[in-house]
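**Student:** Sequence order for the protein chains is H and W. Sequential numbering of the first sequence, starting at 1, is according to our numbering. Sequential numbering of the second sequence, starting at 1, is according to our numbering.
Keep in mind that the hints were calculated from the coordinates and are not lab data. We put the beta carbon where it would ideally sit given N, CA and C, even for glycine. Wrong hints could be hidden among the right ones.
Computed, partial: chain W to chain H, Cβ under 7 Å [claimed, not checked]: (1) Val35; (2) Ile96; (3) Ala102; (4) Val210; (5) Leu223; (6) Ala273; (7) Pro279; (8) Ile282.
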Amino acid sequence: MSAPSENLPENLTMPTIRTRPLLLRHLPYFIGAAVVVALAAGMQFDGYVLNVLMQATTFSIAVFGLSVVLGLCGQINLAQAAFFGFGAYAVGIGTTDWHLSYWLCLLIGCFAALLAGAFLGMSTLRLGGHYLAMVTISFQQIVTLVMINAIWLTRGPDGVSNIGRPELFRTSQGYLAFCVAMLAIVGYLVWHLPDTKLGRAMRAVRDNELAAGVNGIDVFRTKVYAFAICAGLGGLAGGLFAGGFAYVSPDQFSFAESIVFLTMSLLGGVASPIGSAIGTGLLILIPEWLRFLKSIPGLYLAIYGLFVILIIRFMPDGIWGFVAAAFERWRARIRTPAATKTLLLKPATVGGDIVLEVSGLSKHFGGLKAVDEVDIAVKRGGVHALIGPNGSGKTTTLNVLSGLYKATSGKILLDGTDITTMPPHLRTAAGLGRTFQNIRLFRSMTALENVEIGAERPGNTMIGKAGIGKAGIGKGGAAALTERAMEALTFVGLGARANELITSFSYGHQRLIEIARALAANPTLLLLDEPAAGLNSTEKLELHELLKRIAAQGLTILIIDHDMTLVSEAAQHITVLNFGRRIADGESMAVLRHPDVVSAYLGSE
Amino acid sequence: MDLVLQLLFTGIGIGAVYALVALGFVLIFRATNVVNFAQGEFSMVAAYLMVVFAVDFGWPYWLSFLLALVGMAMLGIFFNLGVYYPLRHRSFLPVIIATIGASILMANSVLAIYGPQPQVLQGWFDTPGIQLGPVYLDSQYLLIIAVTVVLVIFNYWFFEHTLLGKKLQATSQDKEMASLLGISVSAMIMITFIYSAVLGGLAGILVAPVLFVSIQMGSTIALKAFAATIIGGFGDVAGAIIGGLSLGVIETFGAAYVSVPYKDGFAFLVLVAFLIFRPQGIFGERVAEKA
């Protein structure tokens, strides 16, 4: 735990990347995209090249969807070809059998895929990833079954031909230019997504679901959004594809095609749309060059399967991942300007003198009463410690308080609000902040990004002028968020290393980043789960100092720890648990001398 | 009523196959915390091995059967070494993607070698079946049911009453503790892969005479078996068996009374219904992650 060293004057003058206007910063991208669109419209391609380009463009959009759901959010989707088929068939059937406008059909297809994705996600995403994998495979099979058998709707195995295009892009060349423009727009949005609130939430969910939940992120909803976006992009891509090739049939949207999409995504690099485009381009071009592979059925898919295993084993971040990793190392050396203000903590004071009132709280696991009828009253503005021997129910209590476990019975009031039945992210919104005994940071992010997620707590009044309302942050919010996060990191003494990845920090420093993440949210009550565990004696002293500085700003702390020195020095009030029951409660010195407490720790005679 | 009994028999027969594959799923899941998406391909490969040995080479049925099972044991070893073992310290997502890759690789390699034409494999017995009152008992279905019963009993005896079984259980419950007690965790995982490859293979060989031997049989069976494990309660051995049997029955009745082309869709409907209304399955208990 080094002393703050980022207050050196030269850092104050460093320009920040974030403050430049977004559109200006991304102008080169749009100019480049416009040039490519113009090229697609103007150059004279022969039919074969046109087909390959059309396929690459539309497939890329579908693979962008996978980069959102798999790369950003860490959820698997093995039915992307089915969603692709939704869009393709909507345009196919819509423009031929139903004589609808192309645009309407494209919209319907996109929307149908989105809804199907959302429904699949809602039924499965509360459960583990294995379920999702299997359910998406099943869904894929069902869609294929329907495409083949519902002849009245889809014309069965024969497929749909003579599919229309919009009036505006009647020629193949013009239509290709339109698809490239769509690719550029979608690519821009997907590229930018990780830096938005939703994108950060997705990355947090991917890295650590539990920690994401207690930092105010609705994990389930984030996953469903990611899944629906992915499906929607699949639908859009399919609609564009149908217009481009004027013919669709069930075999184009089979499980094998979903695997092709997955391979494209993995090969290029799952985390970024650039990777998706690279992977898609390669896997469309390579089979074109090696056409002889297609003459033996199964051979090229067998090679794809082998590719998947080899990529996962030897190149888990794909081609673009290699490049991006080098870029990250370079970025870590850029310093963010040091915080100009010290961190201000203004805990809300809605309720009375008691910040946290727990009454009759019980948590039973089957027959085991891990927590049994416990009452705790945490007074505002002090350090309250919860102690007890191993297995006394301390961590269970904390998990019930933060909502990771549901209380069997009892009531929890936080600053006058009943939070007993709230899920973790709503408790965080209500003002609860916590750290974990075994550190749970988002490991693929930088320290700053971790703390920004904490700062983004709904209801945080310390961001910008207006704070974070229901609709998210107002204007200039991103800069205010970074500022707040920098203040919090500086407060714990790590401001100078804000742009480093979590993995490069020592254990003690990771613990401090976790505390900074909770502080940036300006909580009403801070729960610390064994913050001294695994720290050496110097680090413990520094932790004690940090707790004092936090308490000095009026933030109430509830701490669980084994370290008696830390607890007796830092806490004014102590509650002792043993076998899930409260055995003592009161002013700390009196409690530590209480005969029941002594016998619980040292045994009785 | 006669039809109902007949369908019930067929359903249990086909359900027994799902149960065997589901058992393989569960055993690997318990040992490695990973769902093996190539489990169904074990059945498919075994069925093709039978075709190679018994039909193409014309070797005796029992010899082909033994050789096919030996082949499956070897496949289990290769699979562990090539797919699971290098990724054992990574999170579940890379591992399941790798098993999906392996499943694609196996299915399409067989397709490249054998072509898309489904193959026919004779049943074990020459007698096609016996008439018992109103129900016609197909001899192959009888065999499937009998083998499943024997295997379930063997499985119980093996895990509860042998030292090796206990070691396997210890490994699946706490790998670190098991290794501290002197159990070789990697050997136990290897045994699990071999065992479940053989189980999957057995299911494939048994079901082959009933269905055609085709490239798709692997993914179809795997899908049903996975649905069975969820219905029974994920990770639960008894649940996998009950789930497999009930799914076979549901599917058979669905095909008879609702729709034949959508026969393979019923498993999905039942699966989604369970996921929404009872995700922990029939026997399962919800387990919360420890913070």
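**Student:** Any hints from earlier that this structure breaks? Give me their numbers in increasing order, please.
**Tutor:** Those not satisfied are hints 4, 6 and 8.
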